[in-house]
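S.K.: These protein sequence lines map, in sequence, to chains A and B. When we follow this note's numbering, the leftmost residue of the first sequence carries the number 1, and every step to the right adds one. When we follow this note's numbering, the leftmost residue of the second sequence carries the number 1, and every step to the right adds one.
In case anyone wonders, no lab produced these hints; they're calculated from the structure. Here the structure is a predicted model, which means the values were calculated and not measured. Don't be surprised by glycine CBs; every beta carbon is placed ideally from N, CA and C. Keep in mind that the hints are not guaranteed to be accurate.
[Said to hold, decoys possible] Here are the simulated lysine to aspartate or glutamate pairs, DMTMM-like style, with alpha carbons at most 25 Å apart:
#1 B:Lys349 - B:Asp335
#2 A:Lys41 - B:Asp195
#3 B:Lys41 - A:Glu8
#4 B:Lys41 - A:Glu198
#5 A:Lys41 - B:Asp26
#6 A:Lys441 - A:Asp220
#7 A:Lys349 - A:Glu198
#8 A:Lys41 - B:Glu79
#9 B:Lys41 - A:Asp26
[What the hints assert, rightly or not] Label pairs and their computed distance ranges (CB to CB):
#10 A:His414 - B:Ala276: 32 to 40 Å
#11 A:Arg174 - B:Leu221: 47 to 55 Å
#12 A:Ala120 - B:Ala4: 34 to 42 Å
#13 A:Asp64 - B:Ala105: 56 to 64 Å
There are 2 protein chains.
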Amino acid sequence: MSYAQLMESVGQVNDLLNTQSILSWDARTMMPHGGHETRGKQLATLSVLTRDLLVSANTRSQLDKAEAETASMPDEAVEKVMVAQVREAIDWHLAIPAELTRKRAELGANGHAVWAKARAESDFSQFVPILEQTVALNREMAECIGYEAHPYDALMYRFEPGETVATLKPLFARLREALIPLVKAIGEKEQPRFDFLERHYPVDQQHAFALSMAQKVGYDLNRGRLDTTLHPFEVSFTRNDVRITTRFNPNYMAASLFGALHEAGHALYEQGVDAAYTRTPFATDLVGLYAVGGVSFGAHESQSRLWENHVGRSREFWSVNFAEAQKFYPDQLSDVTADEFFRAVNRCKPGFIRVEADELTYDFHVMLRTDIEAALMDGSLAVKDLPEAWNAKIKEYLGLEVPDDANGVLQDVHWSSGQIGTFCNYTIGNVMAGQLFEAAKQDATIASGLATGDYEPLRVYMIENVHQHGRRYRRDELLVKATGRTLDPEPYIAHLTAKYSELYSL
Amino acid sequence: MSYAQLMESVGQVNDLLNTQSILSWDARTMMPHGGHETRGKQLATLSVLTRDLLVSANTRSQLDKAEAETASMPDEAVEKVMVAQVREAIDWHLAIPAELTRKRAELGANGHAVWAKARAESDFSQFVPILEQTVALNREMAECIGYEAHPYDALMYRFEPGETVATLKPLFARLREALIPLVKAIGEKEQPRFDFLERHYPVDQQHAFALSMAQKVGYDLNRGRLDTTLHPFEVSFTRNDVRITTRFNPNYMAASLFGALHEAGHALYEQGVDAAYTRTPFATDLVGLYAVGGVSFGAHESQSRLWENHVGRSREFWSVNFAEAQKFYPDQLSDVTADEFFRAVNRCKPGFIRVEADELTYDFHVMLRTDIEAALMDGSLAVKDLPEAWNAKIKEYLGLEVPDDANGVLQDVHWSSGQIGTFCNYTIGNVMAGQLFEAAKQDATIASGLATGDYEPLRVYMIENVHQHGRRYRRDELLVKATGRTLDPEPYIAHLTAKYSELYSL
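Work the whole structure out from these sequences, hints included.
M.R.: As structure tokens, then:
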């Protein structure tokens, strides 16, 4: 009885979190310019009420009783796991003073304009005071949350539970060891033909083609839609309404196509969560206060990168689907072969900007940010020394000289929002995608589906092994069930090595 | 101090109400089909939390103290009026048992499907049980709210404060007396040319033209946008984000055009509310729990009908703007004159369906519904006798024989939602529009603006006399300030008589 009441309270929290997501989606896709200020107030009110509802005396009393009711159940019983997740979240929120949360939100609200101006003028010094306050507040927050070895561990927990500076160190080292030589070798090779990707592709056709590819991999439009934004994203308002966006550059069609496939990968995760988990803790990040079924940001990214890269940038995919691309773009692709298309969309070209990075160099951008954040948090790096540290790593990893702060340390929006701790997920996602994809391909039906353009078997595998569980298991529990082991970079490294060796005749 | 705290609580209530409006707008314009069920739960949760916040012990304590703080102010002081409105609303909500509200919401949720099936099969008997429960629940609600003379007065209060069965009786009688002869006389006259309105008008061009006309009358796209729905509507999320929709029939361009002008009229009201009233009681219907700046549904309708009919269907409007229409539709309107266009969009043709009615016959549809609702509430009409009563009135007013329930008593969605009391506003709006328009035209600048296509003087008049005040004054207070008298049907009757006498050479 109390368990049911607790679940209804969680359901209301989930409703409020989904509501915030709807307001944010609208603000990014539909809202007229004039609406920004009052939308901000609406979101702030919802945010306060949501936390208040979760940690209210009423919810806590329901929780106490629900714990008693479920005490005799086995630890792995769904009810018991749900109750434990609510307990964990409430403890988490009560450990952080509301004043600290408010201060960080305020810093985030003010920080954006300062960052935007600093970036526009490529002048890091303008951003230093904000970033110093951000580091200080996040240190304070880490102390409230608590950690065993490193303050950065406390901050990562909200995005990638279980990941720590200590676990990332060997992972990153192995990736660098394996991938830096590849990047270096490619630098001495000839680049593939690329001209046709930069022809004129009308935006309406790009929209139709991107959507058709998203549907081909299983994105359900009865529970979704595709819109246009500057930065692509996916957002869900329960599994029944999972929306994606992509960006459209009339002179570069790959951006909309792979943006849509990437976000469709995220969307498949949310659309695939067990319907029975709707409005429950298994579809609600009660720690991060975000309505999501994915178990960690890294696990989520594994699904987007799997469909974008392992499927969407594979030779097999284009040998089956290139004819479809030519139907949408008969003029632009008339003198192009499927193999040329495959090679072009896999061109490896080290650059300064993370969001424009290719599959092979992307992780270097992530590793350098993660290492820098950790160093800021433990005090081994001072904010003022950040550009120097940044530029040195770009030189070391990619062999490039950063020309200015806008192309370096100022490029990402993240720090301006007051957040620290959310970069490692991108690389975790890449590694996890490699591991899951290798395991899935052992199934002959999946493998032959990939060869013939039937993506349903792979999607079903992902539903069974990842999506349906929502937040029931930890990320590594999912990996052990699916692949027999915890996070392991070798399949991902093998994939990149084989792919780029062939592409560039290394 | 407590006053400021009370206003912040009201601000949060306003945020939550605007949030509900955003979710509803999204559900009607953007949401994929699969999202309905969980969206309903999100709206239900918001609805409960909003009422709870308004009537919470905390808000009530702030209210008590704010009343004390403002006690020595003059009655018309903004602060005192705001506090009084909060008091009125809280008393209202506390008078209605939550259980009754829940029951009516539940009835509304179930009623829609029953009504839809009954209408599809044109069989009123299927809808009788639901409507009987609706009448019973609304009677119970009227008793909780309280009234002096008639239970229907209590129900109208939420939509049109101050209007009663007693005040409507002479108003309706005068309208019938003046307008029935007009309708009858037109029935014997030749109809104007109409063919060109039913040519093929591509939807994209209709969208662009409707938007251009909405902007011409002052709709601000920096704080608005136009979308597509089956039934046009306007909704605001504060004055900074006021959206409209219209419907597009490729073979009947007048629907999108006048739908957009009508909704733009509503939108001008909300965009014109004083910015200082944002998030205050003057921009929040705390009784109806709806985020709106318009002071009553009738006052709101006065603005939509003013711009749709008095401006948009005037000869002057098309003598200035027809050339623009021809630019958008060069083929479709090549053999048409401005005068022919004006006459076509004013064709008077009595019909069965309210939402398709012309300017002259619209009020008959409204009056019959209002009279029927009042009779259902005082028990002088039984639900089972409703079709007979309905059909007799259609015969009396419009000279038509209703062929079946779908074209009669089952046509409107309103009763299926559990609501009774919201029909008179349409006619109040027409009457008020006539009165305000006559007063405004006394100003030479406004009159010459209408003749030359400059609508800014009229819009400024409406801002000054209506929009800016939001919910500060009662509807009749606004009318007295603007026109020197309370609601008066004579200007409206004079307008219809002159217009249709000329159009049909009566």
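S.K.: Taking the hints in turn, state whether each one holds.
M.R.: Quick rundown of the hints versus the structure:
no.	hint	verdict
1	B:Lys349 - B:Asp335	24 Å, holds
2	A:Lys41 - B:Asp195	50 Å, violated
3	B:Lys41 - A:Glu8	11 Å, holds
4	B:Lys41 - A:Glu198	46 Å, violated
5	A:Lys41 - B:Asp26	19 Å, holds
6	A:Lys441 - A:Asp220	23 Å, holds
7	A:Lys349 - A:Glu198	16 Å, holds
8	A:Lys41 - B:Glu79	22 Å, holds
9	B:Lys41 - A:Asp26	19 Å, holds
10	A:His414 - B:Ala276: 32 to 40 Å	36 Å, holds
11	A:Arg174 - B:Leu221: 47 to 55 Å	54 Å, holds
12	A:Ala120 - B:Ala4: 34 to 42 Å	37 Å, holds
13	A:Asp64 - B:Ala105: 56 to 64 Å	31 Å, violated
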